[in-house]
Amino acid sequence: MKKVITVVLCLALLFAVCIPANAEVTQENSFTMYSCYVEAEVAGLVELFTQETGIEVRYVRLSAGEMQARVAAEKDNPQVAMIFGMGNDLSMAMAAEDLLDPYVPANIDQMDQRFVDPDGMYVPLQIIVTCFGSNADWLKEKGLEPPTSWDDLLKPEYQGEVCVAHPATSGAAYTVLSQTVQRLGTEEGFKYLKELDKNVLVYTKAGAAPFTSAGLGEVGVAIGYSDNAQTVVDQGYPLVVSYPKEGAGYGVTAAAMVKGGPADEQEAAHKFIDWLIGESAMTLAYSEFNQYPLNTTVHPEPKMIPIEDIDLMNFDPVLSAKTKKENCEMFENEVRSSADVK
Amino acid sequence: MDSTVYAGKRRRKSEKRREFLMLMKQPGLLFAILVVFAILILFCVYPIVRLFISCLTDKTGQLNLDNINYVFTKTDFFKAFWNSIKLGLFVGLMATVVGFIYAFAVTRTKLPGKKFFNIMAILPILSPPFVISLAVMLLFGRSGLITKNLLHIRGNNIYGFTWLAIVQILSLFPLAYLNLKGMLETLDSSVENAGRTLGASRLKVFLTVTLPLSLPGFLSSFLIIFAKSLCDFGNPQVLAGDYSVLSVSAYLQIVGLFDLKTGSFIALSILLPCMLAYLIQNYWVSKRSFVTVTGKATGTVELISEKKIVIPLFVVLLLMTLFTLLMYGTVVYVSFVKTWGVDWSMTLDSYQFILKRGARAMQDTLLLSSVATPLSALLGMLIAFLLVRKNFFGKRLMSVASILPFAVPGIALGIGYVAAFNTRPIQLTGTAVIIIVAMVFRTLSIGVETGSNSLRQVDPSIEEASIILGAGNAKTFFSVSLPIMKSALFSGLLNSFIRSMTSVSAVIFLVSVNWNLLTVNILSEIESNRLGAASAYCVALMVMVILAVGVLEFIVNGLFARRRRSYE
Numbered sequence: 021m022k023k024v025i026t027v028v029l030c031l032a033l034l035f036a037v038c039i040p041a042n043a044e045v046t047q048e049n050s051f052t053m054y055s056c057y058v059e060a061e062v063a064g065l066v067e068l069f070t071q072e073t074g075i076e077v078r079y080v081r082l083s084a085g086e087m088q089a090r091v092a093a094e095k096d097n098p099q100v101a102m103i104f105g106m107g108n109d110l111s112m113a114m115a116a117e118d119l120l121d122p123y124v125p126a127n128i129d130q131m132d133q134r135f136v137d138p139d140g141m142y143v144p145l146q147i148i149v150t151c152f153g154s155n156a157d158w159l160k161e162k163g164l165e166p167p168t169s170w171d172d173l174l175k176p177e178y179q180g181e182v183c184v185a186h187p188a189t190s191g192a193a194y195t196v197l198s199q200t201v202q203r204l205g206t207e208e209g210f211k212y213l214k215e216l217d218k219n220v221l222v223y224t225k226a227g228a229a230p231f232t233s234a235g236l237g238e239v240g241v242a243i244g245y246s247d248n249a250q251t252v253v254d255q256g257y258p259l260v261v262s263y264p265k266e267g268a269g270y271g272v273t274a275a276a277m278v279k280g281g282p283a284d285e286q287e288a289a290h291k292f293i294d295w296l297i298g299e300s301a302m303t304l305a306y307s308e309f310n311q312y313p314l315n316t317t318v319h320p321e322p323k324m325i326p327i328e329d330i331d332l333m334n335f336d337p338v339l340s341a342k343t344k345k346e347n348c349e350m351f352e353n354e355v356r357s358s359a360d361v362k
Numbered sequence: 210m211d212s213t214v215y216a217g218k219r220r221r222k223s224e225k226r227r228e229f230l231m232l233m234k235q236p237g238l239l240f241a242i243l244v245v246f247a248i249l250i251l252f253c254v255y256p257i258v259r260l261f262i263s264c265l266t267d268k269t270g271q272l273n274l275d276n277i278n279y280v281f282t283k284t285d286f287f288k289a290f291w292n293s294i295k296l297g298l299f300v301g302l303m304a305t306v307v308g309f310i311y312a313f314a315v316t317r318t319k320l321p322g323k324k325f326f327n328i329m330a331i332l333p334i335l336s337p338p339f340v341i342s343l344a345v346m347l348l349f350g351r352s353g354l355i356t357k358n359l360l361h362i363r364g365n366n367i368y369g370f371t372w373l374a375i376v377q378i379l380s381l382f383p384l385a386y387l388n389l390k391g392m393l394e395t396l397d398s399s400v401e402n403a404g405r406t407l408g409a410s411r412l413k414v415f416l417t418v419t420l421p422l423s424l425p426g427f428l429s430s431f432l433i434i435f436a437k438s439l440c441d442f443g444n445p446q447v448l449a450g451d452y453s454v455l456s457v458s459a460y461l462q463i464v465g466l467f468d469l470k471t472g473s474f475i476a477l478s479i480l481l482p483c484m485l486a487y488l489i490q491n492y493w494v495s496k497r498s499f500v501t502v503t504g505k506a507t508g509t510v511e512l513i514s515e516k517k518i519v520i521p522l523f524v525v526l527l528l529m530t531l532f533t534l535l536m537y538g539t540v541v542y543v544s545f546v547k548t549w550g551v552d553w554s555m556t557l558d559s560y561q562f563i564l565k566r567g568a569r570a571m572q573d574t575l576l577l578s579s580v581a582t583p584l585s586a587l588l589g590m591l592i593a594f595l596l597v598r599k600n601f602f603g604k605r606l607m608s609v610a611s612i613l614p615f616a617v618p619g620i621a622l623g624i625g626y627v628a629a630f631n632t633r634p635i636q637l638t639g640t641a642v643i644i645i646v647a648m649v650f651r652t653l654s655i656g657v658e659t660g661s662n663s664l665r666q667v668d669p670s671i672e673e674a675s676i677i678l679g680a681g682n683a684k685t686f687f688s689v690s691l692p693i694m695k696s697a698l699f700s701g702l703l704n705s706f707i708r709s710m711t712s713v714s715a716v717i718f719l720v721s722v723n724w725n726l727l728t729v730n731i732l733s734e735i736e737s738n739r740l741g742a743a744s745a746y747c748v749a750l751m752v753m754v755i756l757a758v759g760v761l762e763f764i765v766n767g768l769f770a771r772r773r774r775s776y777e
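Here the protein sequences line up with chains A and B, keeping their order. Each residue of the first sequence is one higher than the last, beginning at 21 in my numbering. Each residue of the second sequence is one higher than the last, beginning at 210 in my numbering.
Same shape as in the complex, but just chain A:
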């Protein structure tokens, strides 16, 4: 029996010896980050960046909320140099919590100035727009046109056929909520959401999931961000993308430096942010991930409706971020709890 234990312990020891060899890959030319872009996207960007600059990027892919929770939990001893891919609303919230360090890239003046942070706490990257994605077969079966207005979704034909993510877990869904509230005012806005709730089949966790459901025919119409919708279209699903005529809400993705991150990685991380708002990253993000560039000097080969042709609503992301908690609370208490009544 002792032999067993010896064998087991030796094995454990062997592994323990292997571990440090794997762990410490601290090269001069590398840095660490948390990324909220999905694996395929962040891997594509990082590969291109390493190809062009020779700098290694070591990253973990997390959802935005998970990332925020981690950066907050690691506050006293930050584990990464920068974060990347979260919304600008989350960036503002994190800046307010004193979790970020400012950084202003030299080429910032090429960016759409409406979205540039005056304090330089984060750098805007891409813009994505709220849209509807309808299953083409379902539309045909029901004899419907793709929805072009928020009010279309309240029609009885859409009963149990609408899918949207939960605003507390998905940035896309929260944009839908907060733009409704900003468009109609709090009272009318929630009245609308309550009406909409009657037609919603399920609130998913991830913002991209509703489009897959709609693509599969699980539901008729999904609401969410245009890049996720277009990805589902690119995969070959029968999804028709349309935009609300009242004006679409939007999200802006961003990159930022983590406060007090590893000192020897600062320079490399700064280079990455500079590169992210440059032409090659912007073009890749548009052609492969369907995100509209915020760099006004970049004009990639068009594949979607040009952003200029979509009516964007007058949307205040600062107000949106500030009211997130109370909005989500109201959503839980008024909209979701009324679900029991039906």
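Just so you know, not all the hints are guaranteed correct.
To be verified - Result set (DSBU-like, lysine-lysine): computed pairs, CA atoms no more than 30 Å apart in a straight line:
(1) Lys288(B) / Lys214(A)
(2) Lys288(B) / Lys211(A)
(3) Lys345(A) / Lys95(A)
(4) Lys288(B) / Lys218(A)
(5) Lys599(B) / Lys695(B)
(6) Lys319(B) / Lys695(B)
(7) Lys547(B) / Lys357(B)
(8) Lys695(B) / Lys604(B)
(9) Lys319(B) / Lys516(B)
(10) Lys268(B) / Lys345(A)
(11) Lys291(A) / Lys565(B)
(12) Lys218(A) / Lys295(B)
(13) Lys357(B) / Lys160(A)
(14) Lys160(A) / Lys547(B)
Worth flagging that the hints you see were computed from the coordinates, not collected in a lab.
Starting from the known structure of chain A, arrange chain B on it as the hints suggest.
Chain B in isolation, oriented as in the chain A frame:
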């Protein structure tokens, strides 16, 4: 003071003293107990207590109950609480019954295809839980292959209690199966044989001997599954719909509303029912213990071969197995299909993708789990041995501490670990150690439970004999107790390996740029809609686990084979 009470107190006091003196005479044992305590307090108690305190205080460290107040008044806490409990009770009961049917069929009957059923019963825990949810959605959803294309039902609603319970039962019954199988194997069948010889019918033997003897295992399985169902996050987040449960509420608060404190508090509140169930079970089991392995010569198990018993069992197992296979078949199929629902042509794209992007994560997952598994199982057996066989001060504390990390949702454990081990003196974040430690302690209680159950079946006189013959505590543990716990050790190893390989919510806060895990990748692929890649990852994970199980079986059987005769 009443004199009898005083006398009782004095007696208890002197007992305590004797216990203490006994302990002092066995420095090895004392050392083992102290080390186990130190480890448990550091890795089980401290992170959770620290997290709990942070829920009750504000930034400056002052007591602040606003968060609690908020949880009770502003969220649907109570509704979610009762929903979770209802779900846990139902799933716990059903999954334990199913697990018992499996275990009984495999250990007590001449069932054809036992080996096959044995593997099929373990299959559901080989993959992260949300995989079954995914398969259910693809098969039975509103546009599911079965509901829409086969049965032409449109609008089948899978979101809510029913399907959530079905999926949880399916993914959790293997825990009961492994636990009860280990117990039924150790349970000396001569008692059952005696019942038969004395003329009792099969049914009577089953009802009056087998069932009562399995009750401790039954209860501990129920407890494990109850706790697991309460802490489960993967399935409810996909399938719960309007049926709100605690783990999802906690996640919404932490990840959605960026409110670490209220979220952690909701997550920690799951401790209450879990601990209560645990204490009830503990009290109950300590009242009745059944010793059947006595070291005396016993007969071999008389396997049931009557057709009227075997055939219905066979049918039940076959149906369950078919359902399980259907679920996993779907996942395998999705991994080869180009685009589910649109382009059904076969392709290896998904596998190329995961080999390119996930090779590192696969290596890391295998390596870290392989390190964590033996540590967890051995520590579990050691704690089981101490709890069942030895008397010492603080025993209750040890048993509660060992179950703590299991009885909180993974997300609370993960955040607790980051908060506790992010700064000096113990700085572990970003290292492999923190992931290994989380895996070890997250899975520890399964080893403790299975180990205790099989030890309780064994007459302590066997170990006493070893001591009397001059073997020390350590030698007795390693050459007598541990071999007796062989089956339990194996199921402990198996369980902890599988749980380590497939855990999600606990490790999502612990993975780092140097150490990433496969399950985190799967979750990310599901979130980003790449069902093919997610399924391919799942298949890779399952293949790795199945191979590892084979290796494990080989090692454990090989190492113990020589000693087997000595106690049977």
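Taking the hints in turn, this is what the structure says about them:
Proposed proximity of Lys288(B) and Lys214(A) is supported: the alpha carbons are some 20 Å apart, at most 30 Å. For the proposed pair Lys288(B) and Lys211(A), the alpha carbon gap of about 24 Å is at most 30 Å, so the pair holds. Taken as a hint, the Lys345(A) and Lys95(A) pair is honoured in the structure, with Cα atoms around 22 Å apart against an allowance of 30 Å. At most 30 Å may separate the alpha-carbon atoms for a hinted pair to count; Lys288(B) and Lys218(A) meet this at roughly 21 Å.
Between Lys599(B) and Lys695(B) the CA atoms are separated by roughly 20 Å; this keeps the pair inside 30 Å, and the hint holds. With a C-alpha separation of about 23 Å, the suggested pairing of Lys319(B) with Lys695(B) holds against the 30 Å cut-off. A C-alpha spacing of about 21 Å is found between Lys547(B) and Lys357(B), which places the hinted pair at or below 30 Å, so the restraint holds. Note on Lys695(B) and Lys604(B): the hinted pairing holds, with a Cα-Cα distance of about 24 Å set against a maximum of 30 Å.
For the hint pairing Lys319(B) with Lys516(B), the CA-to-CA distance comes to about 10 Å; that is within 30 Å, so the pair holds. A C-alpha spacing of about 19 Å is found between Lys268(B) and Lys345(A), which places the hinted pair at or below 30 Å, so the restraint holds. About 26 Å separates the Cα atoms of Lys291(A) and Lys565(B), which keeps this hinted pair within 30 Å; it holds. With a C-alpha separation of about 26 Å, the suggested pairing of Lys218(A) with Lys295(B) holds against the 30 Å cut-off.
For the proposed pair Lys357(B) and Lys160(A), the alpha carbon gap of about 17 Å is at most 30 Å, so the pair holds. With a CA separation close to 25 Å, the supplied pair Lys160(A) and Lys547(B) stays within the 30 Å bound.
Going down the numbered hints, you'll see the structure goes against none, and every one checks out.
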